[in-house]
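Those protein sequence lines, which keep their order, are chains D and X. Going by the numbering used here, the first residue of the first sequence is number 1, and it counts up by one from there. Going by the numbering used here, the first residue of the second sequence is number 1, and it counts up by one from there.
Derived from the structure by calculation, the hints contain no laboratory data. Be aware that one or more of the hints could be misleading.
To be verified - Listed next, the stretches of chain D that the computed footprint assigns to chain X, with coverage defined by at least 3 CB atoms under 8 Å from CB atoms of chain X:
#: 1; segment: 23-34
#: 2; segment: 46-60
#: 3; segment: 200-207
#: 4; segment: 256-269
#: 5; segment: 279-288
We treat Cβ as the ideally placed atom computed from N, Cα and C, and that holds for glycine.
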Amino acid sequence: MTRSARLTMSRERLAAWSMVAPALLLTVTFALYPVADSFWLSLHHIFIGLPQLGSQFVGLDNYLALLQDPVARQALLVTLGFVLLSTVLELACGLMIALVIHEQFRGRGLVRAAILIPWAIPTVVASQLWRYIFNDQYGFANLLLFGDRVTDYIPWLAYPTIAFGIVVLADVWKTSSFAALLILAGLQLIPDDLYDAARVDGAGAWQRFRHITLPLLKPALLLALLFRTMDAFRVFDLVFVMTQGGPGDATQVLQFYGYQTLFTEGRIGYGSAVSVAVFLMILALSLIYLRAIGSSLLERKRP
Amino acid sequence: MKRRMLLGLGIFLSVGLSLLPFLWFVLTSFKSQADIESIPPTWWPSGNLGFYRTALFDHRLFDYAFNSLVVAGSTTILALLLAIPAAYALARLTVPGKRGVLAVLLCVSMFPQMAIAGPIWRLLDSMGGLNHRWGVVLPYVALTLPLAIWILASFFKELPPELEDAARIDGCGPWSTLFRITLPLATPGIFTAAILILIYAWNEFFFALLILTQPEQQTLPVGIALFQGEFTMPWGELAAASVVATLPLIVVVLLCQRWIVSGLSAGAVKG
Chain D
1 MTRSARLTMS RERLAAWSMV APALLLTVTF ALYPVADSFW LSLHHIFIGL
51 PQLGSQFVGL DNYLALLQDP VARQALLVTL GFVLLSTVLE LACGLMIALV
101 IHEQFRGRGL VRAAILIPWA IPTVVASQLW RYIFNDQYGF ANLLLFGDRV
151 TDYIPWLAYP TIAFGIVVLA DVWKTSSFAA LLILAGLQLI PDDLYDAARV
201 DGAGAWQRFR HITLPLLKPA LLLALLFRTM DAFRVFDLVF VMTQGGPGDA
251 TQVLQFYGYQ TLFTEGRIGY GSAVSVAVFL MILALSLIYL RAIGSSLLER
301 KRP
Chain X
1 MKRRMLLGLG IFLSVGLSLL PFLWFVLTSF KSQADIESIP PTWWPSGNLG
51 FYRTALFDHR LFDYAFNSLV VAGSTTILAL LLAIPAAYAL ARLTVPGKRG
101 VLAVLLCVSM FPQMAIAGPI WRLLDSMGGL NHRWGVVLPY VALTLPLAIW
151 ILASFFKELP PELEDAARID GCGPWSTLFR ITLPLATPGI FTAAILILIY
201 AWNEFFFALL ILTQPEQQTL PVGIALFQGE FTMPWGELAA ASVVATLPLI
251 VVVLLCQRWI VSGLSAGAVK G
């Protein structure tokens, strides 16, 4: 390589770095450093209300306490239940929506737009909306079910199990269309000849779905599952607006518990331990999924 | 024939279930207080704008909308300014430590907000950013950058490289190649990224709740989440505020449905 060529190379590298650096700097400052700081804080006892105590290094004490904490254990169970139920329902609804909007028909653009509206609505608005629909006196649910038999009206959100179900319902309504878009992208990758060939061989609609669509859709379904699981683990807005974790602890999810310990009670060390634990769980889950997605992509590449 | 009927049923169900719940809020926003409080509630509004008036003047709806506009607008502009060069470099140039950069970006998109909330609060406290609109813009930009870079980079990769090669042979450096050659060709990709950033920033609640504690600075989601009446829940005003917060999004979705669909599925296809 001549000297001038090497000079151009290094100038280009410099330019490349000057293009990446500002974005990287901001990401590191407002995302990467905070996670490290959260971990560091989680190794301390810090109480906002008691500044005279300062911050005391306690090693893994907060994590040991977390393992013994019955509220945290309950919040973990509620979160896992929420993740499981909402992702399964969202994938099922998403698959059905995707099959519909994959078809060719007049006005498909409008139908797609209509389906995207729940996804675009602010989560806070969706939460207030469902809270109002299930309101005990003025709600649409009671009006629809009981009309003017006012004495039968049900205070839906006062029952633990029903309240949990309504939070799941609101989440499914809000995000099924996102799952549908990811699945739609997978549907568009399946070549039409496969269906034609199967039809020639006499396969019915159900058989074509079962033996062509579903297997080839596996990577897209796994990807949708990955995104939805990560999001469901982080659920906060819905619970904050609709139930504040109640009634009792029926909708007390980990993120809301973390929020309460950190910002309502001001137990910075312990609250940080809760959020770091959630982060580690999400990380572990996504690594498992990514492995599964990787291997299913490999399977597909095999002739 | 059976297939058409099934499809019709599918369209009917998915459109109906998507729109009906919100329609109840739209109807509510045009009711009067008497319509709302009658038991059983009335189906149809008597048709007046009272709730919009009180929401605007007694519940700071105007402030919230203005703040949301400023926050979402600045987030979008800033995030694009940072994401475009970064995505271009990652798609086209040899960036030393590229794998590390990509790993950081991927990692950031998985973070639960709570895991960074405390430190971000402390950081903004020391910078004097609490209760300022720019205090939420900075974390919003950081958190939308991964998605924006992802979309833009996959778009840049699909452009034919010949034009850029020609520009480089003519002596254009990377920056001027980006601005003169690539950017004009990449408007659809930039548009897609802009819409997704805009929707994120318009809807974000959690950081806004933590950072903006004064009503004068709060955005629509915070205002709507903390909506309170003196004695009872002001459902009518709440519905009106929700319609105001959602209307711009409905317009965006109607106009830009194609870009949203392609943008959100870009990650899935190129995986």
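Taking the hints in turn, this is what the structure says about them:
Restraint check on the segment 23-34 of chain D versus chain X: 11 residues with Cβ-Cβ distances below 8 Å, three needed, restraint holds. By the rule of at least three residues with a Cβ nearer than 8 Å to a Cβ of chain X, the coverage given for the segment 46-60 of chain D is violated, with 0 such residues. Figure legend: the segment 200-207 of chain D, annotated as covered by chain X; annotation inconsistent (1 residues with Cβ-Cβ distances under 8 Å, at least 3 required). Counting residues of the segment 256-269 of chain D whose beta-carbon sits less than 8 Å from any beta-carbon of chain X gives 5, enough to reach three: the coverage restraint holds.
Only residues whose beta carbon comes within less than 8 Å of a beta carbon in chain X count, and the segment 279-288 of chain D has 4; three or more means the coverage holds.
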